[in-house]
Structure formats: C-alpha cells, structure tokens
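Start from the sequences and build out the full structure, keeping to the hints where you can.
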Amino acid sequence: MVLQGQAGENAVVGRDAFDEILARLQERGYAVYGTVNEKGTGIFRPLGGAGELSLRCTGGTLPPKYLWYPPSETMFTYDRQSGALRSEIEPVKQAVFGIRPCDVHALLALDEVFLGGDYPDPYYRARREDLPLVVFNCVESGDTCFCSSMGTGPGLDHDYDLLITELDRPGRFLLEVGSGLGGELVRDLRAEVARDEDYQVKHRRLEDAAANARTTLETEDLPRLMSEGHGHPYWREISDKCFGCANCTSVCPTCYCADIFDETDFSLTETRRKRRWSWCFLMEFGAVHGGNFRERRIDRLRQFMQHKLNFSVGQYGRFHCVGCGRCIVWCPANIDIAQTGRTIRGDA
Amino acid sequence: MTDRAEKPRLAVFKFTSCSGCQLPFLNMETEILDLAESIEVAYFAMAGASQPGPYDLAFVEGGISCQEDARRIRKVREESRILVAIGNCAVYGGPQALRNFLPLEELKRAVYPQPELIHCFPTCQGIADYVSVDGFLNGCPVDHGHLQDYIVSVMLGKAPEVSTRSVCLECKMKENVCLIVAEGVACMGVLTGSGCGALCPSFDRGCYGCFGPSADPNLKSFANLCRELGLTEEEIHRKFRYIVNNAEAFREEAERHVPQPVES
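Same order as they appear, the protein sequences are chains A and B.
The first sequence begins at 3 in the numbering used here and counts up by one.
The second sequence begins at 194 in the numbering used here and counts up by one.
Think of the hints as simulated: they come from the structure by calculation, not from any bench.
Just so we're clear, the structure is a prediction, and the values are computed from it rather than from any experiment.
One or more of the hints may lead you astray.
According to the in silico footprint, chain A covers these stretches of chain B (three or more CB under 8 angstroms from chain A) [what the hints assert, rightly or not]:
{"hint": "1", "segment": "226 to 239"}
{"hint": "2", "segment": "335 to 347"}
{"hint": "3", "segment": "362 to 375"}
{"hint": "4", "segment": "405 to 413"}
With the Cβ distance kept under 10 angstroms, some of the chain B side facing chain A (calculated, not the full set) [what the hints assert, rightly or not]:
{"hint": "5", "residue": "Ser243"}
{"hint": "6", "residue": "Gln244"}
{"hint": "7", "residue": "Cys259"}
{"hint": "8", "residue": "Lys351"}
{"hint": "9", "residue": "Val355"}
{"hint": "10", "residue": "Thr357"}
{"hint": "11", "residue": "Val383"}
{"hint": "12", "residue": "Leu384"}
{"hint": "13", "residue": "Asn417"}
{"hint": "14", "residue": "Arg420"}
{"hint": "15", "residue": "Gly423"}
{"hint": "16", "residue": "Leu424"}
From the three backbone atoms N, C-alpha and C, an ideal C-beta is built for every residue, glycine too.
Structural data, given as structure tokens:
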C-alpha cells in the first residue's frame, strides 16, 4: 500500500521509513532531536541520520525538556543609556524523534504550567507551538520505569504526530498517524497494510511492558496518604542519606521553577534579564529577606517528593511525577521516589 | 545611576598563594578592555599597576602565613571600601594550610636546608581570621564569571549573585554521566560548590572539592558512600585533607577519619 498521509491512518513500516520521516522534518526546517547511545546511556542530541537513533529507552541524563524550556535563556535586554527594552521572541522549530510516552505526559504537564491560566509564557510558547512529536511506545520497561503506575505509559494514545510501536519481528513497526503534519511526513510512503494481528501484537507488547515493570507505585488515594505521612520517620531515614545535591530535580521532566537575574557586561551599556532553572532542592531557593524558609535538608527533600506525588494533584489535577525514573537512576545516594511513596503509604 | 564623576578604583593583592587567582583577571581578554573603560585599575602588581590607596574594591588572593602578611592585610583593609577574598587561599588558607595539621619545626627541617631562615606562623589561614571581609569567591582558582559578576554588581550598587549550587548541577547541564552512579568513583561533587564548570568530572575524574563545601554538605553520608566504595579511613581522611583542607566542614570531617600514625 501507499500511505495517503491522513490523520488516523495506520500501516506497518520498516526502519527505512525513519530516514524518510527524519529527512522530511529536516526539509521543513526542523532541528530534529532524538536519543543516541552515548557514554553508556541515551542522550538527546540533534540527529544527523535516523541510524543514530537508539530504539532502546534508557531514560538518559537530561530529559528533552531543555528543548522547550532551556536551562538558561534571555527574557529581554535593557539598554542602559536609552532605557529601551528589547525582547526578541522568535518561534523555534524543533522536533523530537523517539520521545517516550512519559516525556510526552511531562510536556503536557508543563503546558498547563506555562500556557494555562491568564498569563501564558511567551518564551515557552515560542518553542512549543510548532513542535512535532514522533513518539516511540515502550515495549519494554527499564529498571526504574514506573509509567504504568503513574498512568503515563508504556503506550500513548493522544498528542502525537506519529506513533511508532516495535512489533514482534525486528525492523517491523506499527506506524499510527495522529495529525495532519504527521500525515505529511509519511504521505506516499510505501508500507504494509496493518492487520488485526499487528494490533494484537502491539497491545500484547504494551501489556507485557506494563506487567513486567520492576518499579511500581500504587497511586490510589496517594495524595491523601502522602499528606498524612508528612511526619513519617522514613523522611528522616532518606534525608540522612541525601546529599542535597539536587541531581534528582535537575533531571526531572516536570520541574519548572526558575531563578530570574540580571546580567550586565563591563561596559555597563546593556543588561540582559535572564532566567535559569532553579529547584526547591537548592538552599538558595528558600533564601529570602531575613532567613531561609527551607533550611533543613529533610524539608527540601520532602518538598520535592510531596510536590510530585501530592501537591501537584491539588494544583493541576495530575501527578507531576510521570514515572520516568531518572531521579532514581541519577541519585548518588540511592534514594528512590517510588520506594518513598510505597513506604509512606504503607505498601513497602 | 552608574555614571560617576570618578571611576571606581580597583585593586588586586597577593598574599601567600600561587598567583593563579590573578590569572582569571588577565584571561578576561575582550572584557578587560571594557573593564578598563569603566574602572581604574589602581593596584595590580602582576599587571604593572601600583598606585597608593584608597581603593573602592579590593580583591585579595592568598592566605595569611606570616607576620608580614598579617601587617599588610590590615593595611589593605584600612585602604579598601569593599574587600573580597578570592580563591581557596584567601577564603580558607589554601593547600598550604595542610601545615596547620603538622608540627611546624619538623616541616621546616624536612623542606629547607636552613630552616632557621623561615619565619612564619604555625598556621596559614584565610584573611577573614585577621580582618573583616565583605565577600568570598571560592575556587582553586576563582571563576572569572564570578569575578566579573562581582565587579559589575559593585559598579551597579547591587548585591552580587553568589551561587551555592553543587558541582553535580554543572555536570547535569553538560550531560555528563554521573561518576558516582555509573563508575563508583567517590566524586566530591555532591559536597562541593559550583563554579569550575565540573571540570574534572567532564574528564572522568572525580571532583577534588576545589570550590569548598556547598551550602549544606552531607559529609556523614559521603563518608558512608566512600566506605561502600571500598575506601579506607585513611583514604577518606585524605579526601578532606587535600586542596581545600581548612574549610571548617572539611577540616572536621577529616578529623573523624583518623589515619594510622606513620612509623618513622
């Protein structure tokens, strides 16, 4: 068959289709990012060719969040002589090839933070409005993945331009078109017709991935139980181990806090107002006039985990933990948010 | 506003140190031209300036190691409106503060052919042990970005940003793979303040702690990690008796891991 390029269309393709999709994204002016195997893990990098893509998800170090919410950015510049403000917010054309369902859910959580409400963030919007997503469903769970517990994976059924699921033979993928742009990326591609067996394989593989998750967390009634467990002795146990280094928050795909500061060069002619990632885990975060409202490490650790597993539900109606497991992987003290949730709720 | 009738007068002084913290000033290259427009470099021996005080902003490199140092730092203090300690030596006493933990006379005899010519204090300390200090910029050497921000902040009359973030965050921003997690290296980045750009971990070497303790270092947990990774008490002791040995937190942690006495 030949793909018509319509939303809702499905087909079975080989890996050669990835090259075509990537080339079409690049032709349309997108900088395309995907996970490549590097330093023993998967790292989001600008992709040259689709051959560089790693199909096995390892979570990587930083999530792709930095593409729509950079670690540091200039908000505006201020001319100190004339007093003029200049803000150049240009639309950014980026695409992610092989983003995972957990990270898509994290993106949707950030959409609510930055674009919901009366004051949408123009910097975020400039990077978010034109952001094609080619999603890879996860057919196996990593050691620290608990997306199936958080309802954010291993499969996705919304908010994708293209959705790709590896079938039971290597090099066969079920391709599902989720948008008009997704359609354009595959129009006229030669493909096999997707049969009922192919859908069955997809569903079986996703079910297996969920069933084989080695990390789990029951979320039923979790916010209430976390609130009741605010004084649980386990907080002391883990904060005694915690280095307070903030690695956990720095790799979190939903952390959205920023620190705003001014940067002026020696000539004193121009000041740049910038923002950079900041986290409740930092001592400097709680430093206010007259003191620090979160001086103890136990309070900073608890704030981070309570926000993800409890407060976010009250604020935004969803957990700001998507179960990606990065904070577990990269904690040098082996502190585990899922284990903490299980312990506080009494399941451990 | 920032326009002043006179440019602020900058001074850079050296005490007991290797001079490495003066180099970041000279390495500013393009920025230094703008700097010279905005301020007057009144005293900076390495750059050939040696005008008398008073100074608006004085940066001090080096620890206080002898009577002459002590006399001179008091004079610098009197002549300077804002006095800032830069680098490990001025902030904590530097690598040479290792002598604080050993008998001075023995050390003199071990190092110098004529030990009687050496007139120094038994300890080398940061300058804050002798005079009041307005700001501290850590590092070995100090980071030129921190210096730049400090100078500009003083010119604008605002508080400088002094980050207390850990080295780990610089590693993460560079997408380095964590040496503790992946390689089992007892990297001190989790305890150490940022500013170096995670220089050593970027070359697969564990952090040596040059920028001194971060805001709230968990030393006990780090010692436990070291033991889990197979380090002996002596090796843990030596981690804290190294480049930054005289910061209170590191000094006290070293004392908790006492090495076996060396047989002579």
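| Looking at the structure, which of the earlier hints fail to hold? | As far as the earlier hints go, 5, 6, 7, 14, 15, 16 are violated by this structure, in ascending order.
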